[in-house]
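Protein chains: 2
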Amino acid sequence: MNVFKKIFTKNSRPLEGGIFFEAIHKILGFKPNNIEFYQKAFTHRSSNKLDLKGNPINYERLEFLGDAMLSAVIAGHLFNEVPSGDEGYLTKMRSKIVSREHLNELGRDLNLIQLVDSKVPFQHFGENIHGNIFEALVGAIFLDKGYPYCEKFIYKRVIVPYVDIAKLEGKVISYKSLVIEWCQKEKKPFHFDVFDDNGNDGQRYFGVKLSIDNKIIAKARATSKKKAEEIASKRAFFAFQEKMDKKL
Amino acid sequence: MNVFKKIFTKNSRPLEGGIFFEAIHKILGFKPNNIEFYQKAFTHRSSNKLDLKGNPINYERLEFLGDAMLSAVIAGHLFNEVPSGDEGYLTKMRSKIVSREHLNELGRDLNLIQLVDSKVPFQHFGENIHGNIFEALVGAIFLDKGYPYCEKFIYKRVIVPYVDIAKLEGKVISYKSLVIEWCQKEKKPFHFDVFDDNGNDGQRYFGVKLSIDNKIIAKARATSKKKAEEIASKRAFFAFQEKMDKKL
Chain A
1 MNVFKKIFTK NSRPLEGGIF FEAIHKILGF KPNNIEFYQK AFTHRSSNKL
51 DLKGNPINYE RLEFLGDAML SAVIAGHLFN EVPSGDEGYL TKMRSKIVSR
101 EHLNELGRDL NLIQLVDSKV PFQHFGENIH GNIFEALVGA IFLDKGYPYC
151 EKFIYKRVIV PYVDIAKLEG KVISYKSLVI EWCQKEKKPF HFDVFDDNGN
201 DGQRYFGVKL SIDNKIIAKA RATSKKKAEE IASKRAFFAF QEKMDKKL
Chain B
1 MNVFKKIFTK NSRPLEGGIF FEAIHKILGF KPNNIEFYQK AFTHRSSNKL
51 DLKGNPINYE RLEFLGDAML SAVIAGHLFN EVPSGDEGYL TKMRSKIVSR
101 EHLNELGRDL NLIQLVDSKV PFQHFGENIH GNIFEALVGA IFLDKGYPYC
151 EKFIYKRVIV PYVDIAKLEG KVISYKSLVI EWCQKEKKPF HFDVFDDNGN
201 DGQRYFGVKL SIDNKIIAKA RATSKKKAEE IASKRAFFAF QEKMDKKL
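Which chain is which? The protein sequence lines are A and B, in order.
Position one of the first sequence corresponds to residue 1 (the UniProt record's numbering), numbered consecutively onward.
Position one of the second sequence corresponds to residue 1 (the UniProt record's numbering), numbered consecutively onward.
Just so you know, the hints here were simulated from the structure itself, not pulled from any lab data.
Among the hints, erroneous ones may be present.
[As the list claims (entries may be wrong)] Just a few of them, taken from the derived set where beta-carbon distance is under 10 Å, the chain A residues facing chain B:
no. : residue
1   : 54
2   : 56
3   : 60
4   : 62
5   : 79
6   : 80
7   : 116
8   : 126
9   : 144
10  : 146
[As the list claims (entries may be wrong)] Here are the simulated distance ranges between beta carbons:
no. : chain 1 : residue 1 : chain 2 : residue 2 : range
11  : B       : 227       : A       : 162       : 40 to 48 Å
12  : B       : 80        : A       : 191       : 51 to 59 Å
13  : A       : 49        : B       : 80        : 14 to 22 Å
14  : A       : 33        : B       : 33        : 27 to 35 Å
Because the structure is a prediction, the values reported are computed rather than measured.
For each residue, glycine too, the CB sits at the ideal point set by N, CA and C.
Given these sequences and hints, build the entire structure.
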């Protein structure tokens with residue numbers, strides 16, 4: 001019976017085993033409890049949905065909630081991470097992390113737009129849809145699982161992959177240039193190769209690998225070649241950090 | 001042994017049973033775990049304290065953290081409380097609640113300044129010290145007990161006594177005028193009496209009682225007579241709400 005049930009609901013949006021549920025599960029890294037919050041987070045106002053009381057169902061209110069939770073989690077992280085930073089420093093760093101451009105990048109890299117329920121073609125959305133949906137998703141997590149899961153998600157999807165204090169402070173402009181500088185000093189050959197390009201104009205992805213001394217040191221995937229090269233360089237940088245710290 | 005220990009530490013700042021600990025306990029409504037966070041929240045920069053790493057010990061960083069937690073808790077409250085409010089409405093209501101004036105009022109009403117450790121006389125502080133210390137206190141609660149206790153504290157000290165959506169929306173300008181209007185319609189005698197005035201100019205408190213038909217209906221204490229009258233009127237209004245709803 002359960003097997004039949006699973007087959008029948010496989011393509012439906014809400015239920016466990018359904019495409020939407022599994023996509024959300026994968027993005028979150030943990031199982032949602034109430035999928036309805038997430039459905040709302042991915043519903044664009046053009047869908048014109050209303051609840052039983054006549055209130056519109058779309059992501060806009062969740063965006064407000066998610067923005068507040070994101071700011072709180074990032075504040076907590078910076079507070080602990082930079083004990084020497086004063087109030088002005090912490091405020092400045094946070095606004096860099098939660099800038100519109102940065103949130104759009106996060107949403108784009110997670111390809112959240114593919115899950116949006118809308119009556120408007122995706123091409124008509126502005127750039128901000130990526131960041132807005134990302135914030136709404138954080139809001140949905142708060143309602144569904146509470147603050148600790150917001151923290152968990154933001155650590156996994158924002159802080160670990162993107163928040164680099166040295167870079168935000170402007171001390172490191174580009175990891176790619178650090179790596180190149182080091183290779184040139186050490187007289188080691190290096191090259192970046194694109195190993196994957198899905199060629200899809202709407203949501204193009206690039207895979208880049210960085211080789212030094214003809215050994216593959218790091219790989220990364222991102223929405224532009226430049227970004228993938230930077231992420232691969234950052235990975236290589238941290239892998240080699242001890243070595244570089246001594247020699248740079 | 002424990003009895004002796006308690007006596008010996010009774011007047012010291014940090015320990016359970018000490019004046020500072022018990023004052024914090026009373027303000028919070030729950031027991032602090034690590035009193036050091038709260039000591040920091042009440043330390044003014046003029047005290048020039050440094051930690052072992054040379055970082056200044058004062059409330060300013062905690063203020064940043066508390067501000068973020070306060071915004072998040074109020075966002076969660078408004079989201080649930082006003083399901084028909086759109087993003088713009090929620091943003092506007094939140095900024096009314098966490099306005100500088102409102103936070104100063106909260107801090108002043110809790111008389112937080114009496115606990116501040118400073119080398120500058122209190123008279124030299126600006127008005128904002130009240131709100132700043134209030135925010136720092138929220139930050140300390142977050143570090144000490146986590147997000148759910150921030151919620152608990154903010155419900156008890158901000159939302160329940162101060163957050164009145166109808167009034168914030170401008171639908172009710174003054175509860176005092178509502179009460180007066182009702183008494184006049186009903187031809188009921190009413191009067192406000194000051195029953196307490198501590199007469200201390202630095203931190204003056206007024207107690208006001210509202211009598212209708214020669215019965216005491218509500219009492220309130222606040223830092224001005226006008227404010228105490230308004231709070232007493234609000235209490236009377238909600239006590240009589242059913243009655244008034246029918247007759248107004």
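message = Are any of the numbered hints broken by this structure? If so, which, sorted upward?
response = Hints 7, 8, 9 contradicted; others consistent.
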